[in-house]
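Dock chains B, Z and E against the given chain R, drawing on the hints supplied.
Chains as they are written, first to last, in this note's numbering: chain R, 1112 to 1553; chain B, 1112 to 1553; chain Z, 1112 to 1553; chain E, 1112 to 1553.
Some hints could be false.
What the hints assert, rightly or not - The calculated DSS-like cross-link candidates involving lysine-lysine, where the alpha carbons are at most 27 Å apart (straight line), are:
hint, chain 1, residue 1, chain 2, residue 2
1, E, Lys1398, E, Lys1408
2, R, Lys1485, B, Lys1276
3, R, Lys1376, B, Lys1208
4, E, Lys1376, Z, Lys1376
5, E, Lys1485, Z, Lys1276
6, Z, Lys1485, B, Lys1277
7, R, Lys1384, B, Lys1177
8, B, Lys1398, B, Lys1276
9, B, Lys1276, R, Lys1376
10, R, Lys1408, R, Lys1384
11, E, Lys1277, R, Lys1276
12, R, Lys1276, R, Lys1346
13, E, Lys1177, E, Lys1208
14, E, Lys1398, R, Lys1485
15, R, Lys1170, R, Lys1384
16, B, Lys1244, R, Lys1376
17, R, Lys1170, R, Lys1140
18, E, Lys1276, Z, Lys1485
19, R, Lys1177, R, Lys1277
20, B, Lys1543, B, Lys1485
21, E, Lys1384, Z, Lys1376
22, Z, Lys1277, B, Lys1485
23, E, Lys1244, E, Lys1177
24, Z, Lys1417, Z, Lys1140
25, B, Lys1384, B, Lys1208
26, E, Lys1485, B, Lys1485
27, R, Lys1485, B, Lys1485
28, E, Lys1208, E, Lys1276
To be clear, the hints were calculated from the coordinates, so they are not data collected in a lab.
So you can see what is in the structure, the chains are spelled out below.
There are 4 protein chains.
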Amino acid sequence: MEGIKIVTIGGGSSYTPELVEGFIKRYEKLPVRELWLVDIEEGREKLETVGALAQRMVKKAGLPMKVILSYDRREALKDADYVTTQMRVGLLEARIKDERIPLSHGMIGQETNGAAGMFKAFRTIPVILDIVKDMKELCPEAWMINFTNPAGMITEAVLRYTDYKKVIGLCNVPINMVNGFARLLDVEPERVTMELSGLNHHIFATDVFVDGQSRLEEILEIYQHISAEDAISMKNFSTLPFSPEFIRGLHCIPCPYHNYYFFTKEQLEEELKEYKEGRVRGEVVKKVEEELFELYKDENLDVKPKQLEMRGGARYSDAACNLICSLHNNTGDIQYVDVRNNGTISNLPADSAVEVACIITSGGPKPIAVGELKPQINGTIQTIKTFERLVCEAAVTGNRDLAVTALNMNPLCASDHDANAVIDELLEAHKKHLPQFFNFIK
Amino acid sequence: MEGIKIVTIGGGSSYTPELVEGFIKRYEKLPVRELWLVDIEEGREKLETVGALAQRMVKKAGLPMKVILSYDRREALKDADYVTTQMRVGLLEARIKDERIPLSHGMIGQETNGAAGMFKAFRTIPVILDIVKDMKELCPEAWMINFTNPAGMITEAVLRYTDYKKVIGLCNVPINMVNGFARLLDVEPERVTMELSGLNHHIFATDVFVDGQSRLEEILEIYQHISAEDAISMKNFSTLPFSPEFIRGLHCIPCPYHNYYFFTKEQLEEELKEYKEGRVRGEVVKKVEEELFELYKDENLDVKPKQLEMRGGARYSDAACNLICSLHNNTGDIQYVDVRNNGTISNLPADSAVEVACIITSGGPKPIAVGELKPQINGTIQTIKTFERLVCEAAVTGNRDLAVTALNMNPLCASDHDANAVIDELLEAHKKHLPQFFNFIK
Amino acid sequence: MEGIKIVTIGGGSSYTPELVEGFIKRYEKLPVRELWLVDIEEGREKLETVGALAQRMVKKAGLPMKVILSYDRREALKDADYVTTQMRVGLLEARIKDERIPLSHGMIGQETNGAAGMFKAFRTIPVILDIVKDMKELCPEAWMINFTNPAGMITEAVLRYTDYKKVIGLCNVPINMVNGFARLLDVEPERVTMELSGLNHHIFATDVFVDGQSRLEEILEIYQHISAEDAISMKNFSTLPFSPEFIRGLHCIPCPYHNYYFFTKEQLEEELKEYKEGRVRGEVVKKVEEELFELYKDENLDVKPKQLEMRGGARYSDAACNLICSLHNNTGDIQYVDVRNNGTISNLPADSAVEVACIITSGGPKPIAVGELKPQINGTIQTIKTFERLVCEAAVTGNRDLAVTALNMNPLCASDHDANAVIDELLEAHKKHLPQFFNFIK
Amino acid sequence: MEGIKIVTIGGGSSYTPELVEGFIKRYEKLPVRELWLVDIEEGREKLETVGALAQRMVKKAGLPMKVILSYDRREALKDADYVTTQMRVGLLEARIKDERIPLSHGMIGQETNGAAGMFKAFRTIPVILDIVKDMKELCPEAWMINFTNPAGMITEAVLRYTDYKKVIGLCNVPINMVNGFARLLDVEPERVTMELSGLNHHIFATDVFVDGQSRLEEILEIYQHISAEDAISMKNFSTLPFSPEFIRGLHCIPCPYHNYYFFTKEQLEEELKEYKEGRVRGEVVKKVEEELFELYKDENLDVKPKQLEMRGGARYSDAACNLICSLHNNTGDIQYVDVRNNGTISNLPADSAVEVACIITSGGPKPIAVGELKPQINGTIQTIKTFERLVCEAAVTGNRDLAVTALNMNPLCASDHDANAVIDELLEAHKKHLPQFFNFIK
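For reference, chain R alone in the conformation it holds in the complex (with noise of 0.2 Å):
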């Protein structure tokens, strides 16, 4: 059959617009025949109002691409060519205890950090391991691009708990490091490369390439002096510019997520304020994204609308639709995403996930050799991979005890004891989507 097949889990998400755009957009290069949204019963509403947006949009365009709505994943993946997934397990509701949570024990709550981040990873990972399995059945050559976080983890999980090799995973983190580059040193982003080393939300530009020659020094030289306004970041958290000393001695640009790791009392004192605000980030989200429905709702809107750059995922989508494009063409362009490290990073394990710049080809990433880490930054990376690679396990054997060693591990918490705590009621408040944990025989 001529034409491609994608398969959207999570097609009632608010973000389905972006990427239904970016599809309609590459058409010419990429001839989507069928988009499957698929969600689950509890995320009917939703999806027949951003499905409805989805299909005027199409038609619009005039372009002879179905879009389905599917409440069975089964049916769905028959097939398939790619399969994006961007699910929420728990839905907004989960997040905010995901982050109220810790906060109320006085440790940072941020949906793909420390303990936030780790009960995502616990509620997302065994749906995309019985995922990946319906996939091995019904689509055993499909892709699956993984932009639900932490994606990183999520991907790690795959990779390591199953013999999938079509994983990968996806964050608009580097390609707003491409732009912000690019704004800094005033040229267009596609003449921007870098050199990536590490993890998901936890990555260093370790060179910044113009046409394909190192403006590094140029760079840090400018992040030296830079203001808060003008540094690279994230819709979703503030970002304080680190000092020139740091970016001195790193020799590298961290990514706006390192802000937790070397601003933690900073980012904590911003987040006990919103905690007792009654805005942390699920509940800012929350509004956001009732009022985007409220949007979609309108059978006279037709294209996405221009509130949903605000939403904070901006250029997740589209990120998304330029892979699936390169990896259908076989283009050999740069990207960056999360594949096993397979030494691309000398000092991180082989099987391990990494967040590296890749060239895409069809048959799939090929990571750039990185070599190893220097020592600037090793630490904080392996860390950050224990967490990983521990939250992993845990999430796969429902092992309590490796939770707590995991959290321990992490950057964000100062306490054996408020692990313990922490850790205990939100396996209390997740009970529901957290079987793994309860069942648990040593």
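Relative to the frame of chain R, chains B, Z and E by itself:
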């Protein structure tokens, strides 16, 4: 010439009587002909006091061992067989600043970790490298046995920044762990050995043997339910027992110093209290030392006074005598020292110092292979190794940027802002002893 | 039950009297209650002869040690403490084929190397894995001490293809080297230790110590001018001394078996002569064995006959008794055995067998870290490891392709064409003992 | 100044017309302003002949490209953008000795392997290091593109013994493999890419892609039944097809040069025949070159003559032009070159040269991570890397012991005795070009 020549740099230390007692006890196996106690002019009063006591002790023992006091290091080093180093550059006044300044910014101040350990390294490493330079010229076959804190970083600095190979770092933590395990298992300490994984003050007992048979499972069981009193601890800080979940998840036993990393919050609270009450560790030790020296002055005293055992560094000097005795007699027994890694721990750099079980031969300590660090403990050990490497490089070059980066990477520092503030103040406070930082040209 | 139970698989071997003598000599430290000599029915005549001698030897010594002959391996293994394996699957007839067939194609035939070693491994590994299976069931705490050739590959096979951890490979080459160095330096062998780097029959002494002090430079000097008579050699082949240039360039001492790799041409010429004269090693040994068994039949003989020392495997059984004695008594002395690498040699796989210096504890041999192989010897050791890994996998799977690849990679094979020809003939010749290759389905 | 300045060291080579043709063809993308052909006085006649032809070719093409002949390397290098090196120190006379002397001892003589390759390296490396020294001074931003044999060792020498980073080794074997695979799969070569694992002249295609999709299984199938005529081969030696068993066991495709290692016996026989008939490769090439230069003298000739394609190094110069064009234009296409490993192949040293697939950017080639060498090919590649490292060190230091050790470790040498004999004779024969060996002081 018959007999052994030992040189003790920092001979005026309050620990010296323990060292002397150790040599007296072992005289038959380790016939010390000359013991040179060397100190600087500022330490003349202390050296004369403790030196006179040492001479009385030897006299009482009726041994032909000469105790020589010297303020001329080069004269002393000539043809030495063993050189022990137990210095405190800047004296206890410096230590008190190391501890109080970080605490004034809400950061832990502890002489072997974090900001305080870093500045002790900054002051000590240049002096140690000078001593090594002298040794290469004056006693190139001598072993340097360093038990000045931070012993791991000092060993690393000698290994990385000189070509002197005969250096061994020594600490009393491992021997305290051996004794603790013996107590918990109710066997003689001589029957207990350990597999150690890690770095000075950052070790884990990854196996515990009695008569060569692993008793790790039993120890893990005990450690899950241990009280603060029964847990292995150090005199210089109070130790909370880790949660059973953490112990099970680690599947090995952390050393007491891990309290700083896994009960950071509680340790900080305790230290802040001490800070406010003017009894940070340096202040306490200062009083203890004054009392000890009062005792030492007593011309009737000719044995090591009991009170010294309260001092905190108990077993340090004993460990040093043991080590020298085994080196001298090629005994092949197992001791726990800081040596060049050389692949002992697969995923640490070959050129770095590690603290591991070694058999002691006359050709030096030969480390027993450990293999890869298990995932649970890999991250935290790599992080401290990153810290240590950056501190050593900063100590040698005087590069303040690396100091800031090192501290940012240390888990005891919660903010880039604080890292800079604390370093600025400590540099100013120790200006006299840190010329490298004030003459640094990039 | 008091005392130790030892089981010797291949008990009918001509070496058994040495083993028995070893246990008698060490009785005080190693009180053997029962020594089970186990063999297969085809070996009944030999076992009865050598078993009767063993019983006479024990009787003469007046010790309460029972020597029990058995053809029921499972009965024998029940509750064993130590299991030694010294088998020859296919008997000497098979060895003769292993040697003559390669030689008929102009390729070296040597029972532990190249084509012949490969086929000995093919016949032996499945039997060893069967024994391990029985041990897991019948004596799961017992140590397997293998001195069946090729000892390195057999150890690797157990390490890679079973989860039995208590296996040690043993060879008499290292102990011969220790004795040789002692002779050359004119000191007692007890004072000599080595740093070994490599694999069974492919080791280099990268350091040599007397009383713990390196004497390598002196040994290198001696070895540059050594005669064939003075060089360390084995009984079973003649050894040419290496050139001074090679010794200086290596900066370490190769074991005698390296003659096959660095005098391949000369060894081949020698072997071809023997081949034509019907006196390849297997043929010689067959005669020696017949003579030995004639001696053994003498009912007046109740000690190990002198002539056994001429047999070629001298010190093998002594090394085994020594090892068992140290394991039993947790002596912590240094011995040279084949164990799991576990990072001991940094650039060999953790899961592979290596032959290195270990301290022997009751918990098993603990290898002393070697670090990276120096460039000079890295290549040849890696090549033999490649050979060993492929041979083990082929032995377990019966994959003929891997056999051809293994032999092609071995330096003793000079042509893919010959590799195929020799393997085809050897497979046919040993068909009865190699069912795995004839039932192989890809 | 507009346009590119290229300097070709060894400009008098018979290959030069291909290089010139390459630049003419690519003029639009790669506007060469000046092409400096540099040679030594001994090569004046050849340079003048081939230089004149080059000038006629450019004139015919009607391009504003200046071809400048020079005997002053330093003048030529000033402000160069790219420096290509294609030298033959000692001319073809030296090559003939390199080949005939080993053969006279029954050892393979082949200009890039074994004894002959070693001596070519010994003569060339000091000259290359001199050129690099000049480049650092005169054109520090220029790329050195070396296609002098042995290209791998020359690249390694520059990487290990200088701090010049902009060096790339180039060989025509990979491009011949790409073309061969394209032919076998009946697709255009542009659509074929490979994963390469290994070293110059010692590579394996561990994957083969068409439009990014792996076609390795198909290629393996074809290669099991390939005839000598269809197999990928080189002009300079005849190639036997490997056995199906070996191909299946390797599960990758060896390069033609592996014939020397896996058909050593047959290659030796063939070479010995040529040796006796006075037509070793150097002798053949000498005749071919004389004929070519006769052609080149024809003043009517103004294109590259067809006959050059028979010369053996076909596609070499084309590969060089391609590489320069991609560097200049930052194309990001995949090429196969010799670069610093930097972890690309996990189990080779970071500082060594490897030959792997790279994307070519204006900042240089960026290697695609390969990961661990599979066990089958690890040994042979490590062995050749040992050889290469020792040869480089011997070339730089003049240490004859390392030369003997290197040759002993090479699979083409069957005896330490022969290694010494061949080296002695070759050192004597090339005395004039090997001052380092005659001035060596340990």
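A quick look at each hint next to the structure:
1. Proximity of E:Lys1398 to E:Lys1408 is assessed by CA-CA distance (about 16 Å); at most 27 Å being required, the pair is judged to hold.
2. For the hint pairing R:Lys1485 with B:Lys1276, the CA-to-CA distance comes to about 25 Å; that is within 27 Å, so the pair holds.
3. The hinted pair formed by R:Lys1376 and B:Lys1208 meets the criterion: a straight-line CA distance of about 23 Å does not exceed 27 Å.
4. A distance of roughly 12 Å separates the Cα atoms of E:Lys1376 and Z:Lys1376; the hinted pair therefore holds under the 27 Å criterion.
5. As the CA atoms of E:Lys1485 and Z:Lys1276 are separated by approximately 25 Å, the hinted pair is consistent with the 27 Å bound.
6. Note on Z:Lys1485 and B:Lys1277: the hinted pairing holds, with a Cα-Cα distance of about 21 Å set against a maximum of 27 Å.
7. Taking the CA atoms of R:Lys1384 and B:Lys1177, the gap is near 68 Å; set against the 27 Å cutoff, the hint is violated.
8. For the given pair, B:Lys1398 sits about 38 Å from B:Lys1276 by alpha-carbon distance, which is inconsistent with the 27 Å threshold.
9. With a C-alpha separation of about 42 Å, the suggested pair B:Lys1276 and R:Lys1376 falls outside the 27 Å cut-off, and the hint is violated.
10. Taken as a hint, the R:Lys1408 and R:Lys1384 pair is broken in the structure, with Cα atoms around 34 Å apart against an allowance of 27 Å.
11. Our distance criterion of 27 Å between C-alpha atoms is broken by E:Lys1277 and R:Lys1276, whose separation comes to about 36 Å.
12. For the proposed pair R:Lys1276 and R:Lys1346, the alpha carbon gap of about 32 Å is over 27 Å, so the pair is violated.
13. A hinted pair counts as satisfied when its Cα atoms are at most 27 Å apart, and E:Lys1177 with E:Lys1208 does not qualify at roughly 37 Å.
14. For the proposed pair E:Lys1398 and R:Lys1485, the alpha carbon gap of about 54 Å is over 27 Å, so the pair is violated.
15. As the CA atoms of R:Lys1170 and R:Lys1384 are separated by approximately 45 Å, the hinted pair breaks the 27 Å bound.
16. For the hint linking B:Lys1244 to R:Lys1376, the alpha-carbon distance of about 43 Å lies beyond 27 Å, and the restraint is violated.
17. For the hint linking R:Lys1170 to R:Lys1140, the alpha-carbon distance of about 19 Å falls within 27 Å, and the restraint holds.
18. Distance check on the hinted pair: E:Lys1276 and Z:Lys1485 sit about 25 Å apart at the alpha-carbon level, within 27 Å; holds.
19. With a C-alpha separation of about 25 Å, the suggested pairing of R:Lys1177 with R:Lys1277 holds against the 27 Å cut-off.
20. Restraint check for B:Lys1543 and B:Lys1485: not satisfied, since their Cα atoms lie roughly 43 Å apart, outside the 27 Å limit.
21. As the CA atoms of E:Lys1384 and Z:Lys1376 are separated by approximately 20 Å, the hinted pair is consistent with the 27 Å bound.
22. The hinted pair formed by Z:Lys1277 and B:Lys1485 meets the criterion: a straight-line CA distance of about 21 Å does not exceed 27 Å.
23. A hinted pair counts as satisfied when its Cα atoms are at most 27 Å apart, and E:Lys1244 with E:Lys1177 qualifies at roughly 26 Å.
24. For the hint pairing Z:Lys1417 with Z:Lys1140, the CA-to-CA distance comes to about 25 Å; that is within 27 Å, so the pair holds.
25. Distance check on the hinted pair: B:Lys1384 and B:Lys1208 sit about 16 Å apart at the alpha-carbon level, within 27 Å; holds.
26. Among the hinted pairs, E:Lys1485 with B:Lys1485 is consistent with the structure: their alpha-carbon atoms are about 24 Å apart, no more than 27 Å.
27. Taking the CA atoms of R:Lys1485 and B:Lys1485, the gap is about 21 Å. The hint holds against a cut of 27 Å.
28. Proposed proximity of E:Lys1208 and E:Lys1276 is contradicted: the alpha carbons are some 33 Å apart, above 27 Å.
The structure fails to meet hints 7, 8, 9, 10, 11, 12, 13, 14, 15, 16, 20, 28 from the earlier list, while all remaining hints are met.
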